[in-house]
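Visitor: Okay, here's what each chain looks like letter by letter:
2 protein chains.
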Amino acid sequence: MNYDVQTATAVLRRTPAVLDALLRDLPDDWTRPNEGGDSWSAYDIVGHLIHGERTNWIPRAAMIVESGETRAFERIDRLAQARESQGKTLARLLDEFADARADSLDRLRAFNLQPQDVERRGRHPVFGVVSLGQLLATWVAHDLTHLHQISRVMAHQYRDAVGPWQVYLGVLKCAGHSE
Amino acid sequence: MNYDVQTATAVLRRTPAVLDALLRDLPDDWTRPNEGGDSWSAYDIVGHLIHGERTNWIPRAAMIVESGETRAFERIDRLAQARESQGKTLARLLDEFADARADSLDRLRAFNLQPQDVERRGRHPVFGVVSLGQLLATWVAHDLTHLHQISRVMAHQYRDAVGPWQVYLGVLKCAGHSE
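Same order as they appear, the protein sequences are chains D and C. The numbering of the first sequence is the numbering used here, which starts it at -7 and goes up by one. The numbering of the second sequence is the numbering used here, which starts it at -7 and goes up by one.
If you're looking for bench data, these hints aren't it; they were derived computationally from the structure. Computed from a prediction, not measured in an experiment: that's the story for all the values here. Glycine included, every Cβ here is placed at the ideal spot set by N, Cα and C. Wrong hints could be hidden among the right ones.
[Said to hold, decoys possible] Derived contacts from chain D toward chain C, CB cut-off under 8 Å, selection only:
#  : residue
1  : Asn(-6)
2  : Thr(-1)
3  : Leu14
4  : Ala102
5  : Gln126
6  : Ala129
7  : Leu136
8  : Gln141
9  : Arg144
10 : Gln149
11 : Gly155
12 : Trp157
13 : Leu161
Given these sequences and hints, build the entire structure.
Guide: Quick look at the structure:
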């Protein structure tokens, strides 16, 4: 499927409610443990999503709209949530994410993008020239990669509890970790 | 984490609302395509979850409670949804799943399980002896494996649209497919 603003936005505006339904008031046993080492918990992932709203998707789209490929995007700090989430409850992070996403979608609407605008070009610090459509499609897929990750991190907590059923459960065999 | 009824139920009772927030009224471009071949779409997966409520989790738990390991569980028909979902809208399937899950949780409560009951034994047609706790933990992980799958099937629809970002998106590298 090609990127188009309306189809993409249908997913983006649902994500806060999805995470709310999944995580709000869930026992900490599900939301605070990770997959070991310095991997992320569901709590960490919500913090990362908030950081993306503030520094990644709309700021980069704005840079394409305003400067095209003359300026490279800022790099993303993938560890920012450890600092920015400190001392906050998960309920508060879910509220912040919902507010930040609503604000992002308002700003997206204000760009008043026309179909041909998805071809506009920007400059990624690693990939070089990318299109606005690719950036905005990645915003959607990024929501989905982290929903996929949260499901996996939660399922991991029951890796032993399921006993022999482990072999049937794809989520326990997933090696699709984001970089 | 060991299985316990309360912690597990916290996930099980949220799943219908999670799927509702994610899928209801979403354009068919997201919910009807699959990952190619005879893989499943989001629509197919919701049908599969309904079938599990009716034939798998509570019926098997009831068999353990009533017959212990003397009778093997019925095998699960993993293709039942093709037949049972026929002609139904996704909105109707989401309603059916929510009703079926609420009914399952009522039946679970009616078992009035005590902590030691998770050690009760049943017989799986492939694995042999399994515990009630393993079965009930698998019910939770099964919700999560299918949420993980739906995220992946949806992200797959944007595999090309994201362009070079494909390499950063774990969901596009996941090979954790359920059997």
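Visitor: Hints first: check each against the structure and report whether it holds.
Guide: Status of the hints after comparison with the structure:
| no. | hint | in the structure |
| --- | --- | --- |
| 1 | Asn(-6) | holds (6 Å) |
| 2 | Thr(-1) | holds (5 Å) |
| 3 | Leu14 | holds (5 Å) |
| 4 | Ala102 | violated (23 Å) |
| 5 | Gln126 | holds (4 Å) |
| 6 | Ala129 | holds (4 Å) |
| 7 | Leu136 | holds (4 Å) |
| 8 | Gln141 | holds (7 Å) |
| 9 | Arg144 | holds (6 Å) |
| 10 | Gln149 | holds (5 Å) |
| 11 | Gly155 | holds (4 Å) |
| 12 | Trp157 | holds (4 Å) |
| 13 | Leu161 | holds (5 Å) |
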